[in-house]
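Could you build all of it, start to finish, from the sequences and the hints given here?
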Amino acid sequence: MTPPASEAQQGGTGAAAASGPPTPNTTETPNTPNATNAANTTNMTKTSSTPNASTASPASGGRPGLGLRLDVRNLSLLGVLLALVIVGGFTRPEQFLSTSNLQLVLTQASVIGVVTVGMTFVITSGGIDLSVGAILALASVWATTVATQEYGFGGILFTAVAVGLACGLVNGLLIAYGGMVPFIATLAMLASARGLALQITEGKTQIVTVQSVLDLGVPDSYVLGIPPLVLVFAAVTVIGWLVLNRTTFGRRTVAVGGNAEAARLAGIDVRRQRLYLYLLSGLCCGIAAFLLIILAGSGQNTNGNLYELDAIAAAIIGGTLLTGGRGTIVGSVLGVLVFTTITNIFALNNLQSDVQQIAKGAIIVAAVLIQRRTLRGGES
Amino acid sequence: MPETSRRGLLFGTAAVSAGAFLTACTSNEPAKKEPAADSRPAADDKPGKHVTIGFAGPQADHGWLNAINEQARSRAETYSDVTLDATEGSNDTAAQIGQVETLINKKVDVLVILPADGKALTQVGLKAMRAGIPVINLDRVFADPQAYRCWVGGDNYGMGLNAGKYIGEKLKDKPNAKVVELSGPDSLELTQQRTKGFDDALKNYPNIRKVARQAADFTVESGQAKMAQLLQAQSSFDALWNHDDDQGVGALRAVQQAGREGFLMVGGAGAKSAMDAIKADNSVLKATVLYPPTMAASAIDLARALGQSKGISGMSELEIPASVTLFSAVVDKQNVDQYLPTGFN
Numbered sequence: 001m002t003p004p005a006s007e008a009q010q011g012g013t014g015a016a017a018a019s020g021p022p023t024p025n026t027t028e029t030p031n032t033p034n035a036t037n038a039a040n041t042t043n044m045t046k047t048s049s050t051p052n053a054s055t056a057s058p059a060s061g062g063r064p065g066l067g068l069r070l071d072v073r074n075l076s077l078l079g080v081l082l083a084l085v086i087v088g089g090f091t092r093p094e095q096f097l098s099t100s101n102l103q104l105v106l107t108q109a110s111v112i113g114v115v116t117v118g119m120t121f122v123i124t125s126g127g128i129d130l131s132v133g134a135i136l137a138l139a140s141v142w143a144t145t146v147a148t149q150e151y152g153f154g155g156i157l158f159t160a161v162a163v164g165l166a167c168g169l170v171n172g173l174l175i176a177y178g179g180m181v182p183f184i185a186t187l188a189m190l191a192s193a194r195g196l197a198l199q200i201t202e203g204k205t206q207i208v209t210v211q212s213v214l215d216l217g218v219p220d221s222y223v224l225g226i227p228p229l230v231l232v233f234a235a236v237t238v239i240g241w242l243v244l245n246r247t248t249f250g251r252r253t254v255a256v257g258g259n260a261e262a263a264r265l266a267g268i269d270v271r272r273q274r275l276y277l278y279l280l281s282g283l284c285c286g287i288a289a290f291l292l293i294i295l296a297g298s299g300q301n302t303n304g305n306l307y308e309l310d311a312i313a314a315a316i317i318g319g320t321l322l323t324g325g326r327g328t329i330v331g332s333v334l335g336v337l338v339f340t341t342i343t344n345i346f347a348l349n350n351l352q353s354d355v356q357q358i359a360k361g362a363i364i365v366a367a368v369l370i371q372r373r374t375l376r377g378g379e380s
Numbered sequence: 001m002p003e004t005s006r007r008g009l010l011f012g013t014a015a016v017s018a019g020a021f022l023t024a025c026t027s028n029e030p031a032k033k034e035p036a037a038d039s040r041p042a043a044d045d046k047p048g049k050h051v052t053i054g055f056a057g058p059q060a061d062h063g064w065l066n067a068i069n070e071q072a073r074s075r076a077e078t079y080s081d082v083t084l085d086a087t088e089g090s091n092d093t094a095a096q097i098g099q100v101e102t103l104i105n106k107k108v109d110v111l112v113i114l115p116a117d118g119k120a121l122t123q124v125g126l127k128a129m130r131a132g133i134p135v136i137n138l139d140r141v142f143a144d145p146q147a148y149r150c151w152v153g154g155d156n157y158g159m160g161l162n163a164g165k166y167i168g169e170k171l172k173d174k175p176n177a178k179v180v181e182l183s184g185p186d187s188l189e190l191t192q193q194r195t196k197g198f199d200d201a202l203k204n205y206p207n208i209r210k211v212a213r214q215a216a217d218f219t220v221e222s223g224q225a226k227m228a229q230l231l232q233a234q235s236s237f238d239a240l241w242n243h244d245d246d247q248g249v250g251a252l253r254a255v256q257q258a259g260r261e262g263f264l265m266v267g268g269a270g271a272k273s274a275m276d277a278i279k280a281d282n283s284v285l286k287a288t289v290l291y292p293p294t295m296a297a298s299a300i301d302l303a304r305a306l307g308q309s310k311g312i313s314g315m316s317e318l319e320i321p322a323s324v325t326l327f328s329a330v331v332d333k334q335n336v337d338q339y340l341p342t343g344f345n
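Line order of the protein sequences matches chains A and B.
Going by my numbering, the first residue of the first sequence is number 1, and it counts up by one from there.
Going by my numbering, the first residue of the second sequence is number 1, and it counts up by one from there.
These are calculated hints, taken from the structure and not from any lab test.
The structure displayed is predicted, hence computed values, not measured ones.
Some hints could be false.
What the hints assert, rightly or not - Across the chosen pairs, the derived CB separations fall in these ranges: (1) T247(A) x K279(B): 53 to 59 Å; (2) V146(A) x A15(B): 21 to 27 Å; (3) I184(A) x P206(B): 35 to 41 Å; (4) T209(A) x D92(B): 44 to 50 Å; (5) A280(B) x V238(A): 39 to 45 Å; (6) F153(A) x K106(B): 48 to 54 Å; (7) A366(A) x E169(B): 44 to 50 Å; (8) L306(A) x T93(B): 18 to 24 Å; (9) K107(B) x A188(A): 49 to 55 Å; (10) A24(B) x L97(A): 47 to 53 Å; (11) E169(B) x E150(A): 40 to 46 Å; (12) L97(A) x G98(B): 53 to 59 Å; (13) F153(A) x A15(B): 20 to 26 Å; (14) K107(B) x V146(A): 37 to 43 Å.
Claimed, not checked - Okay, the calculated bits of chain A under chain B, using three or more residues with CB under 8 Å as the criterion: (15) 211-223; (16) 293-300.
We put the beta carbon where it would ideally sit given N, CA and C, even for glycine.
Structure (structure tokens):
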């Protein structure tokens, strides 16, 4: 996983370097881990090279360092996850370390996980999608109306995905061709998609009666003990990883996030790329909506509440740069798993929401701090 | 560029037909609409002086609140001498204050207000009362009793109490019985009251112990997630009280997914789906404790009586009472038919 991730990073800086001046994103924001780490890399691993050379060609200088760094980043997140598993294993060994709990954690992670994969792409390109929760809600209620349910399994699946794509298309057109700031355009989508979801449901909970959909959520449908939801989550993760790290589309995404102007000068159709990225995020929301319909057996306009924040937090914890130019699917998925495991351990230990929320905040800070520490340790 | 245009054409056609399909799929109209709940009037049924009732409620974003609006509307329609002036629901305090002020300016005869936040709307309640418009405060109480003429609402503490009593009676002969609670959001005061009532009721049964409690958000999604965790944490328990039937849909789904049975589940609020399940008696859900949305209909009755300066039939007072606390009845298989018409979607 590591070298391709570094390639994804390299694509961005390389494209940026091609334009001549170093990327304004990374040099002007010294607070971001990327910039700090780039400084570390140049100071610690490349002490022999002249400062001039290391700043002028970050791609060639940073390549081995970057690979190591991303590896350490994911490893440290794995360490956090391992620490959580140990805590869970000690406090509630019987319940936490059982197969059914593993199934439970992965199932609960799958809906938000699929959303986070889409979000990772958008953030990597330097954008943001605040409307994911709302799109999920709209897709899930649209796909569970009485009229849609008459079309059965196919109707529900198609509607969920099509609504997700349509919302993504609107987002993408507004941002790429309408020149709107992603924050504002997706904020507008957040408001109107939730409103439309409310209008469709009229505040009612829409219960799914299509048996073939409901059947996918019960243990009888598990493939070799793996719930279908988890299989979809895994498939989306693998495809997302391949697309980001192994295709031109992925390279372009990173390049646009690293320096959009440089990417444009290098011959990338930045606007079309942005359109595709929001479409992709919408598609992920549509898939997630279908998973949520299976999971909850219903559609409700309150679905996906605050998913945007959870998805962004998971991506950032995973190591994707909020300013764009670097993204890691593996890190995002690990971030999601960390969150879900925390929630699981709290619930198993019967901690109440007040304690849960305080501890969750503390653990996020701790996870990021540990990550930064190990990063420095790993490089010196 | 013929290639691009052909592709564009294909995508265009696909998009248009997908759009056509989607727009056909927004309909949510069931086969037929159930008539409103029974129409026994609380006040004198003879038509009297015409009364215009202003109604301001929060945004109906979940089943119970939606039922509140429907109850108020359909109740007002049964009276020939009542006109209902209902504003668009809003969860925003500032917006709701504006709506109530509009109703004051329209000089309605009586106001019925279900505040998004009771404390925050106290001032506008006072303003209406000072302007000579009596206010019926629905459910979420104002901070100042001067801000309303009559308060009508549910009893959250009593809801917990009745749920605890029902479960206690069912389990009283079982040694070391274990109970779990799936509550509503802890950020709401009503959740704390419900939990307090539940705990107080269980104190009467020394053989019963509450072993776990988790808070969901009144949403199906959170109900499923929290219930799945509870089931994982507790390998066996004898009863579950879930505060809200909306999140109960998710909780039941989690129970089904975990393949668990052998315990008694009691719901809350009184959704139609829950009552249907109780009637069918094919799941763990055996009862639900009401938090009746019919209170909105009662508020219209009281508002009409107030507007016509009448008391309530069945009581000897010449005026309507200052406060009405509704009883949280337990609906189980025995009496479900009686309550089914009040169940909300």
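Verification of the supplied hints:
| no. | hint | result |
| --- | --- | --- |
| 1 | T247(A) x K279(B): 53 to 59 Å | holds (55 Å) |
| 2 | V146(A) x A15(B): 21 to 27 Å | holds (25 Å) |
| 3 | I184(A) x P206(B): 35 to 41 Å | violated (60 Å) |
| 4 | T209(A) x D92(B): 44 to 50 Å | violated (35 Å) |
| 5 | A280(B) x V238(A): 39 to 45 Å | holds (42 Å) |
| 6 | F153(A) x K106(B): 48 to 54 Å | holds (51 Å) |
| 7 | A366(A) x E169(B): 44 to 50 Å | holds (47 Å) |
| 8 | L306(A) x T93(B): 18 to 24 Å | holds (21 Å) |
| 9 | K107(B) x A188(A): 49 to 55 Å | violated (38 Å) |
| 10 | A24(B) x L97(A): 47 to 53 Å | holds (49 Å) |
| 11 | E169(B) x E150(A): 40 to 46 Å | holds (43 Å) |
| 12 | L97(A) x G98(B): 53 to 59 Å | holds (56 Å) |
| 13 | F153(A) x A15(B): 20 to 26 Å | holds (22 Å) |
| 14 | K107(B) x V146(A): 37 to 43 Å | holds (42 Å) |
| 15 | 211-223 | holds (count 3) |
| 16 | 293-300 | holds (count 5) |
The earlier numbered hints that this structure contradicts are 3, 4 and 9.
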